[in-house]
Amino acid sequence: MPPFLLARIATLEDPRFTRAAHAAQRSLTAFIPDHLDHGRSEHAMLPRLLHQNETGVRGMINRAISDAQGVETLPGVLVRAEGDAETGDASVSEAYDGLGSTFALFWEVFARDSINDRAAPLEATVHYGKHYDNAFWDGRRMVFGDGDGEIFDGFTRSLSVIGHELAHGVTEFTAGLVYRDESGALNEHVSDVFGALVEQYRRGQSAADASWLIGEGIFTDQVEGNALRSLKAPGTAYDDDVLGKDPQPDHLDDYIETLDDNGGVHLNSGIPNRAFWSVADTLGGNAWERAGQIWYDTLTGTSLTPRSDFAEFAAATVETAVARYGSNSPEHEAVIGGWTLVGITTAG
Amino acid sequence: MWRSGGLLGRRIEWDVVVDDQPDADQWYVLINELPWGECSTTNTTPDRYTYGIRCEPHEAVIPEQQLTGPWRELVDRVRDASERPGTAKQTQGTTIDDQNG
Numbered sequence: 002m003p004p005f006l007l008a009r010i011a012t013l014e015d016p017r018f019t020r021a022a023h024a025a026q027r028s029l030t031a032f033i034p035d036h037l038d039h040g041r042s043e044h045a046m047l048p049r050l051l052h053q054n055e056t057g058v059r060g061m062i063n064r065a066i067s068d069a070q071g072v073e074t075l076p077g078v079l080v081r082a083e084g085d086a087e088t089g090d091a092s093v094s095e096a097y098d099g100l101g102s103t104f105a106l107f108w109e110v111f112a113r114d115s116i117n118d119r120a121a122p123l124e125a126t127v128h129y130g131k132h133y134d135n136a137f138w139d140g141r142r143m144v145f146g147d148g149d150g151e152i153f154d155g156f157t158r159s160l161s162v163i164g165h166e167l168a169h170g171v172t173e174f175t176a177g178l179v180y181r182d183e184s185g186a187l188n189e190h191v192s193d194v195f196g197a198l199v200e201q202y203r204r205g206q207s208a209a210d211a212s213w214l215i216g217e218g219i220f221t222d223q224v225e226g227n228a229l230r231s232l233k234a235p236g237t238a239y240d241d242d243v244l245g246k247d248p249q250p251d252h253l254d255d256y257i258e259t260l261d262d263n264g265g266v267h268l269n270s271g272i273p274n275r276a277f278w279s280v281a282d283t284l285g286g287n288a289w290e291r292a293g294q295i296w297y298d299t300l301t302g303t304s305l306t307p308r309s310d311f312a313e314f315a316a317a318t319v320e321t322a323v324a325r326y327g328s329n330s331p332e333h334e335a336v337i338g339g340w341t342l343v344g345i346t347t348a349g
Numbered sequence: 085m086w087r088s089g090g091l092l093g094r095r096i097e098w099d100v101v102v103d104d105q106p107d108a109d110q111w112y113v114l115i116n117e118l119p120w121g122e123c124s125t126t127n128t129t130p131d132r133y134t135y136g137i138r139c140e141p142h143e144a145v146i147p148e149q150q151l152t153g154p155w156r157e158l159v160d161r162v163r164d165a166s167e168r169p170g171t172a173k174q175t176q177g178t179t180i181d182d183q184n185g
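These protein sequences, in sequence, are chains A and B. Count along the first sequence starting at 1, add 1, and that's the number in the numbering used here. Count along the second sequence starting at 1, add 84, and that's the number in the numbering used here.
Just so you know, not all the hints are guaranteed correct.
No more than 25 Å apart at the CA atoms, straight line, and that leaves these computed lysine to aspartate or glutamate pairs for DMTMM-like [unchecked claim]:
| hint | chain 1 | residue 1 | chain 2 | residue 2 |
| --- | --- | --- | --- | --- |
| 1 | A | Lys131 | B | Asp160 |
| 2 | A | Lys246 | B | Glu97 |
| 3 | A | Lys131 | A | Glu87 |
| 4 | A | Lys131 | A | Asp68 |
| 5 | A | Lys131 | B | Asp99 |
| 6 | A | Lys131 | A | Asp222 |
| 7 | A | Lys131 | B | Asp164 |
| 8 | A | Lys246 | B | Asp99 |
For the record, the hints were derived by calculation from the structure and aren't laboratory data. Note that this is a predicted model, so its numbers are computed, not measured.
Model the full structure from these sequences, guided by the hints.
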């Protein structure tokens, strides 16, 4: 039985289902897939944020949304805890629902129990700062500004942005990719991949039907653009008089050397982003099922180091594709093809 | 002053001519009391901004979350000045070549 169903049964309070609930709880406690534990014992950041829920039952979401009330102080005032009713504040509802959708992807598809796979609470703060035009992951919580009203509207309205921020937490607890240069661009890439997958999974969209955009809908009407980034076509997300043109490269030949943005982490992520889109497009169907599984296995496996570069990451995805689907499988071939498309040759 | 990073990874620059400011004396007092050379130069928090401030002969690169006290006051002053015509300007969407030139 899928773990998410076990989790639902485990929480049934109806006395008619007491026996089933207890059985499900026992199953969940024992359910820790081998591939989820790779490398964890070596991760330096594990000792914190490990507040497993009191029952020990896996797959129980625990959200907490706080309101910074227009100042740049964290965490702000708690306004909605898990199970609380809506507050009437759209940003709070969007954050709460978005965290739920992100948790659902990781748990229902990858059997990952929150960002640390140990039931860490999902915490977010909305209304951060005055006209604050950004969203970020601070190592503990997702933080969302309301936007400046000129370029950005509120950031919580994009599910892919919420998924992107939470995925930074997952990366922190797994591969720990250092946020600079190529490993930093891979950190960004992983967040874009899972941000896109959260949205596709929520909408039930296949790879062919999906927009592959990150941050669709967060620009104001004054901006000529669709989103922050496009995995399918890096460099085409916006072209605006004020913002300029989307600078993302879609091939290794166009890798941007810069001191800004931690070495262009939000720019050069376009290269692996397009490789992932290619893999998903080649395989068809739902991107979270095979392409997403390969990337998740890679992120949580033992091949990556915190300083992995594009070539090492690509080789790791090939290795994990072979491990899960076999040598010369369609998945193996698709992964090689995706990296070749963006100029990265893998040994295959 | 420049800012890079953020969810979009975009660079913005602000230029201020201090002598043209109506309260130039206060600007100089603030600039001279800043702890130049005591700043961290990297920001490893995903999607956060990094600020760079150059005021000859001084230069500092500061993660957004360390902008407190006089640093915060200076950044706010620069941004406010850029919204007044004539004494400062803001440049958005600077090209990659310009950034490193």
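Hints, one by one, checked against the model:
1. Restraint check: the Cα-Cα separation between Lys131(A) and Asp160(B) comes to about 12 Å, which is no more than 25 Å; the hinted pair holds.
2. Among the hinted pairs, Lys246(A) with Glu97(B) is consistent with the structure: their alpha-carbon atoms are about 17 Å apart, no more than 25 Å.
3. Distance check on the hinted pair: Lys131(A) and Glu87(A) sit about 23 Å apart at the alpha-carbon level, within 25 Å; holds.
4. Distance restraint check for Lys131(A) and Asp68(A): the Cα-Cα separation of roughly 12 Å lies within the 25 Å cut-off, and the hinted pair is therefore satisfied.
5. Simply put, Lys131(A) and Asp99(B) have alpha-carbon atoms about 22 Å apart, close enough for the 25 Å limit, and the pair holds.
6. Proposed proximity of Lys131(A) and Asp222(A) is supported: the alpha carbons are some 20 Å apart, at most 25 Å.
7. For the suggested pair Lys131(A) and Asp164(B), the alpha carbons sit about 14 Å apart, so the restraint of at most 25 Å is met.
8. Of the pairs offered as hints, the one joining Lys246(A) and Asp99(B) holds, with about 22 Å between alpha carbons and a cut-off of 25 Å not exceeded.
Violated hints: none; the structure is consistent with every hint.
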